[in-house]
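Undergrad: The primary structure of each chain is shown beneath.
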Amino acid sequence: MSSDVDFGRPMLVLRRRRIAVRLERRSVVVCAVLVLALAGLAVLALMTGSYSLGPGEVLSALTGRETGLMHDIVVEWRLPRVTAALVFGAALGVSGAVFQSMLRNPLADPGIIGFSQGAYTGALIVILVVNGSYGQLAGGALLGGMVTALAVYVLAYRRGVQGFRLIVVGIGVSAMLGSLNTWLILKADLDQAMAAATWGAGSLNGTSWDQVIIGGICVLVLLPAAGMLSRPMRQMELGDDAAAALGVRVPAARLGLVVVGVALTATVTAAAGPIAFISLVAPQIARRLARTAGITLAPAALVGALLCLAADYIAQHVAPTPLPVGIVTVVLGGGYLGWLLFTEARRRL
Amino acid sequence: MTVLAVRQDGPGTTTVPGPRRRLLGLVIALVVLVVLLVLSVMIGSTSIPPSVVWDALVHSSTGIDQVAVQDYRLPRTIVGLVVGVALGLSGALIQALTRNPLADPGILGVHAGASFAVTVAVGLLGVSDVQGYMWFAFAGALVVTLMVLALGSTRQGSSPVVMVLAGVCVGAVLGGAREALQLTDPDAFDAMRSWNAGSIGGRPLEVVWPILPFLAVALVLAFVVAGPLNAMALGDELAVSHGVSLARTRVLAIIALTLLAGGATAIAGPIAFVGLMVPHVARWIAGPHQRWIFAYSVLLAPGLLLVSDILGRVVLRPGEIPVGVVTAFVGAPVLIALVRRKKASGL
Chain A
1 MSSDVDFGRP MLVLRRRRIA VRLERRSVVV CAVLVLALAG LAVLALMTGS YSLGPGEVLS
61 ALTGRETGLM HDIVVEWRLP RVTAALVFGA ALGVSGAVFQ SMLRNPLADP GIIGFSQGAY
121 TGALIVILVV NGSYGQLAGG ALLGGMVTAL AVYVLAYRRG VQGFRLIVVG IGVSAMLGSL
181 NTWLILKADL DQAMAAATWG AGSLNGTSWD QVIIGGICVL VLLPAAGMLS RPMRQMELGD
241 DAAAALGVRV PAARLGLVVV GVALTATVTA AAGPIAFISL VAPQIARRLA RTAGITLAPA
301 ALVGALLCLA ADYIAQHVAP TPLPVGIVTV VLGGGYLGWL LFTEARRRL
Chain B
1 MTVLAVRQDG PGTTTVPGPR RRLLGLVIAL VVLVVLLVLS VMIGSTSIPP SVVWDALVHS
61 STGIDQVAVQ DYRLPRTIVG LVVGVALGLS GALIQALTRN PLADPGILGV HAGASFAVTV
121 AVGLLGVSDV QGYMWFAFAG ALVVTLMVLA LGSTRQGSSP VVMVLAGVCV GAVLGGAREA
181 LQLTDPDAFD AMRSWNAGSI GGRPLEVVWP ILPFLAVALV LAFVVAGPLN AMALGDELAV
241 SHGVSLARTR VLAIIALTLL AGGATAIAGP IAFVGLMVPH VARWIAGPHQ RWIFAYSVLL
301 APGLLLVSDI LGRVVLRPGE IPVGVVTAFV GAPVLIALVR RKKASGL
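Those sequence lines, one after another, are chains A and B.
Numbered per the UniProt record's numbering, the first sequence spans residues 1 to 349.
Numbered per the UniProt record's numbering, the second sequence spans residues 1 to 347.
Okay, chain B solo, but in the shape it has when bound:
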């Protein structure tokens, strides 16, 4: 809290709501999320009334609506919840770590690495189902992110600009190799064009369970480094004088965000903008305190993802739009509105 006090003395800072109002906001966000979870189960190519949903959840009945709930809607909603939490928190982490309000896990090569690994799995190794190439996506995301971080850091520490450049380079090279593979192999092309859109539908829960422990570890790590990241927002020297170990904080934060973003991408494919947008909204509500930003991100991001997914199911009924496409269409206007404001919400 001392950190906050120092920040508030600075010129031009916005008023930070008190702990009670922040807690109230958090409760409201939680309620909204629960409502959205229910809506996500109810709304789809056919709307299912709440009584039937309840029936399907409590009893294992075999009506067509009950099966739809048990086999499709519920897994999809759970996938959305897990992926949303991971994306939102990874976005908040990377923005805090790089002190760049426009940072997104995508720029660190997470998406590029995962897509490349999945293409190799499909095109060269003949893997054909989501359970199979999920692990390739996870491994690809982890390896490439570490590569970008290694390329982007010098012995003096890491410069955000060099890191972004490194991410673009690695992403481009892998993207080219991926395209070359795809254009010579129609099967790989066909599999990749649906994976690349980013979707939470059609993923069995067996895809989620093995990733869940990684995400849980990352979640804990994120809240452990939230305090030190607060101090680092004041500058490295001040953070050191507050007793923060810069190297340890950075390494832990990087591990957490890599696991989160990699895990989310492994489950759902590349989904843009959730990780970019949600932390901004969290900052508007909660002020600059990282622990609160993280908590809000955890609750708001799955909400955004589920809203986008529901929209994608409703707009072209009975067809549907993958959630990754919808988030871009929801997110980009918000991003544009953000930079058109007089003062961007900085860090």
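Here chain A stands alone, though its shape is the one from the complex:
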């Protein structure tokens, strides 16, 4: 029956009574490899630090067979950070995939509708003007980001929101807030300005279980929502008219996608600051690895997690001085995307 249909590429069909799932074979293989790489890298990250551990020790600490210092090091100190990198990286990857697919633009990410700059403005005001606590910082960042995203959406609204207009309005508002941020930093005294800039780069330093659990719950709620929206999302890649003809309620679906995408980024920003570039690069890398026609969510999430974990490992252990993870993601992601472009441009000749 349907398994005889030629989809143009190898498919994997799973059947169990009434439910059948059709998966692309290459995507499945790529995802499996990515999961393995993630597991390996996570164990490596748990092993490394000022007190080195072997893989056996890490595994026994994780399964609860160790107590005392070993348990503290692995489960209380290193595991929150590794979990945060995995969860937040995945959230950023999905959020970027949602935006790029929705706007049909490989350069789109939540930053494009001003979220990151707005969050940074909010955080700067909390740090420099109110001199607030960590909780207030997260709140200020969330508020700033949400208000900015909303403002961009409203400004771009003119009998519906069109992708191109959203992008340009986003660029404009981001540029305004960016220069406001520059000015705030210029007016602040040096120590405060540097602290603010470190937060602004996005850092997983001192991540505790509290932050990870709150953030993790939000991400766990949002990821299935993104999954449910992925079908209308793929149909909207054909164009709004075609999607509407196929029965998608385009305005509602687009609003849902914006909300999910922004909420995912907001969660990460509140917990760790604006970690740049993962949401931009992960979907592109995933698409090229899985060789899918459009943006797909699962590989994007896994690539995002891998990128974030690898970047945090480099920021902590490879760089000469510990750096905010956001700086490494920018360099890694930007470099990789540049290399991809370069090789692709050569191959296309």
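Derived by calculation from the structure, the hints in this document are not laboratory data.
Among the hints, a few may not be true.
Stretches of chain B that chain A covers, calculated by requiring three or more beta carbons in the stretch to come under 8 Å of a beta carbon on chain A [claimed, not checked]:
id, segment
1, 46 to 53
2, 85 to 95
3, 180 to 187
4, 299 to 309
Over 12 Å on every C-beta distance to chain A, these chain B residues come out as not near it, computed from the model [unchecked claim]:
id, residue
5, D71
6, L74
7, R99
8, G227
Looking from chain A toward chain B, a few residues come up when the C-beta cut is under 8 Å (computed) [claimed, not checked]:
id, residue
9, A244
10, F277
11, I327
Quick reminder that beta carbons are idealized off the backbone N, C-alpha and C, glycines included.
Fit chain B to the supplied structure of chain A, relying on the hints for placement.
TA: Just chain B now, kept in the frame of chain A:
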């Protein structure tokens, strides 16, 4: 002019004002610019009456207002004029070259390259004054722009999308490296946060003179390629059939715009939106003819920059806001209004 005639036959083109009206507009723009130049010298943390300004310009007197005019206001105004001309023309060039109405020299990595080079100069080499790191900024802007252009072009020519992506990538990588340097070196951080805002104040004229020859060459080049760029607006094939050498035009235009944008950034730091906005206004007034667009851009851009700078000096008197911050606040609403119009002014 034949080119224009062809364009006007197309559907939906706006009416293009005749040469006389365009010339009149150009004269008006020139007068406005001169008025703004005078205002820029007069207005500041203290207002200086015209008679004193004249006195300071003609005689070398030593009153406090005269010194303010000679040492601060006048250099600042000249810097604004030079930087404005360079930014406006580079914006017009890149929009004509990429046929992208939203192109801005910033996307080609000019700002990223200049900022990175200045950070290296301040953080690693210990350069501490504007005269010193100006050359780093210029070199950084040139090298990075050429890198982006090389990355963004294939043997078949260059695709705007790939070029923008390349600019974003290179900008991001350099930005990350720059931030890493800054966050580990408070001195570099401190120097960079003021440079990054983009300002035409506090630059001695010694910063401008060495850059000026480069800008002059670029100015001439821009008007040389204006004609061929007109033809290229019709499409590459038609341009070739009009006898335009595509490669030569592109190379010359790229050299000109790199020198202009790099020079402006070297003098003033990254200033956004002037290069993006002004060519649009020029197109509304002058129609699609590149030579007129360039001429209008040359006159309108320094006007915009000076207005922004005067605003920045007046709003928080006696403190001031760097002009780069003001241009973003003036420019972004214009950009938003532009895309909210029914028909964006295309190319």
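Undergrad: Give a verdict on every hint.
TA: Okay, the hints, checked on the actual structure:
no.	hint	result
1	46 to 53	violated (count 0)
2	85 to 95	violated (count 0)
3	180 to 187	holds (count 5)
4	299 to 309	violated (count 0)
5	D71	23 Å, holds
6	L74	25 Å, holds
7	R99	16 Å, holds
8	G227	30 Å, holds
9	A244	22 Å, violated
10	F277	6 Å, holds
11	I327	5 Å, holds
In the structure shown, a violation is registered for the earlier hints numbered 1, 2, 4, 9, in ascending order.
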